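Same order as they appear, the protein sequences are chains A and B. Residue numbering for the first sequence follows full-length UniProt numbering, beginning at 1 and increasing consecutively. Residue numbering for the second sequence follows full-length UniProt numbering, beginning at 1 and increasing consecutively.
Check each hint, because a few of them may be wrong.
[Unchecked claim] Partner residues are not named here, just some residues of chain B that face chain A (Cβ under 8 Å, in silico):
no.: 1; residue: Ser5
no.: 2; residue: Ser37
no.: 3; residue: Thr38
no.: 4; residue: Leu41
no.: 5; residue: Phe45
no.: 6; residue: Gln96
no.: 7; residue: Gly97
no.: 8; residue: Pro101
no.: 9; residue: Arg114
no.: 10; residue: Thr117
no.: 11; residue: Ser119
no.: 12; residue: Pro154
no.: 13; residue: Asp167
no.: 14; residue: Leu186
no.: 15; residue: Lys191
Keep in mind the hints are simulated off the structure, nothing from the lab. Predicted model, so just to flag it, every value in this text is computed and none were measured. Cβ coordinates follow ideal geometry from the N, Cα and C atoms, glycine included.
2 protein chains.
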Amino acid sequence: MLRTSFQGVARLVRHKALYRSPCLLPRVHLASAFGSSTESLVARFCPEKTDLKDYALPNASWCSDMLSLYQKFLEKTKSGGWIKLPSFKSNRDHIQGLKLPFGLETASDKQDWRLFTRSIQLEGQGYEYVIFFHPSEKKSVCLFQPGPYLEGAPGFAHGGSLAALMDETYSKTAYLAGEGLFTLSLNIKFKNLIPVGSLAVLDIQVEKIEDQKLYMSCIAQSRDKQTVYAKSSGVFLQLQLEEEQSQEQ
Amino acid sequence: MLRTSFQGVARLVRHKALYRSPCLLPRVHLASAFGSSTESLVARFCPEKTDLKDYALPNASWCSDMLSLYQKFLEKTKSGGWIKLPSFKSNRDHIQGLKLPFGLETASDKQDWRLFTRSIQLEGQGYEYVIFFHPSEKKSVCLFQPGPYLEGAPGFAHGGSLAALMDETYSKTAYLAGEGLFTLSLNIKFKNLIPVGSLAVLDIQVEKIEDQKLYMSCIAQSRDKQTVYAKSSGVFLQLQLEEEQSQEQ
């Protein structure tokens, strides 16, 4: 049974930082505990060579709006500071070689673990999405096309499917922009339903990083910005992932 | 392209109610627009005989906590005022014979539409959940066991999977308790991660119904209430579903 709250884990991490460097002031310890640069996090997150399948690539189900906007952002990765994030089947693949903070041990059995937003693998039926991240501006764009397995009201995406993808896009952005690891809160205002099969564009921005927390905002709208689907804010807790020790040690 | 916001649809419904009964005061029109009793909504929602598969029944993947609490609530359906809600593959099945308000026409093609929280049909891999509803107290309990396809952090349910199930349980409760149809807002505070394969109990309560809105709250915790996973609030917009006209008319 897991009884360690996020805030409790954060306190433990602070304590650990203090223990390691007893001569520094607490505020400095905090900074020293989160020292990885966005550059090194991105390099680890986006391996140049991998055998893992990237689910954030175009397929025959993508509508023309999704495909053309994808191509537009892909062009921007060449010179405009944008990075296309790969999307593997499980977060276990994304954080290979790293471990969660103490109290959150990872089950290591051979189950078929899947990242929730990649759990439906039939092209076009579930989540189709791709995230582009802009490191220096600490923002992301997520292109999202809901399939018929994401239905809520007949013909429209379930509000929960948008909430989950907002959480997922926040989460990846928070991690790369500042080692944000756990969602502390998520507040969503829904404005319009997203028709199944159409494109929604999620614009995510890190507003500030303060007291070990990342404060983020998101607007989800149609490509022409004429229809706002939802607006949200999210707060993520910063926690540093540690290198796993080899079995020999 | 859908450009009719929820609040816009609500205004149209109010206008329609006024048009139908021009001698009544606006406040009374509103009440008359939402006249279906919870009893009749529940009767329609829980058909005694149906060929549709109910996904909210025990299967071999349920952990012992989930199974024993299910049996306990099932006992309470005999005398304690609780109702076990069936859970079909699509909301199209739940609202058979009814149509959404104008501006939200339903696509009627033969795609394999699935309710988002019932999209993964492999037992134990995705969502396992069952909702019990208490009409007179306007509250619900949802027993939730996340499978390995709902993963976020390794070994734990994705925050978005809990958010989506909260939205879904709110939604069903809001509809039956007061014709709440669309999520206007969802605010969640996450406290602890839910281990995959374990039971989380969601307690949902309608706090008040005011100005065409249902205000609801939820706490998700372990069965022994020692671990709070998340707390949330949700606001739903009341809109009456209309009977579909037959093709001959």
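Under the criterion of a CB-CB separation shorter than 8 Å, is Lys191 (chain B) in contact with chain A as hinted? 5 Å, holds
Does Thr117 (chain B) hold up as a contact with chain A if the rule is Cβ-Cβ below 8 Å? With a minimum Cβ separation of about 7 Å from chain A (threshold 8 Å), the hint on Thr117 (chain B) holds.
With 8 Å as the cut and Cβ atoms as the points, is Ser37 (chain B) at the interface with chain A? 22 Å, violated
Is the shortest C-beta separation between Leu186 (chain B) and chain A less than 8 Å? Nearest chain A Cβ about 5 Å off; hint holds.
Are Pro154 (chain B) and chain A close enough, Cβ to Cβ, to be under 8 Å, as the hint says? 4 Å, holds
For the hint on Ser119 (chain B), does the least C-beta distance to chain A fall short of 8 Å? 4 Å, holds
Restraint check, 8 Å cut-off on beta carbons, for Phe45 (chain B) near chain A: Where the cut-off is 8 Å and the nearest Cβ of chain A is about 15 Å from Phe45 (chain B), the hint is violated.
Hint check: 8 Å Cβ-Cβ cutoff, Thr38 (chain B) to chain A: Interface hint status for Thr38 (chain B): violated (20 Å vs cutoff 8 Å).
Does the CB of Pro101 (chain B) sit less than 8 Å away from some CB of chain A? 10 Å, violated
Are Gly97 (chain B) and chain A close enough, Cβ to Cβ, to be under 8 Å, as the hint says? Result: violated, 12 Å to nearest chain A Cβ.
Hint validation: Asp167 (chain B) versus chain A, beta carbon distance must be below 8 Å. Holds or violated? Holds, because the Cβ-Cβ distance from Asp167 (chain B) to chain A comes to roughly 4 Å (cut-off 8 Å).
Interface hint status, Ser5 (chain B) versus chain A (Cβ within 8 Å): 5 Å, holds
Hint violations for this structure: numbers 2, 3, 4, 5, 6, 7, 8, all remaining hints satisfied.
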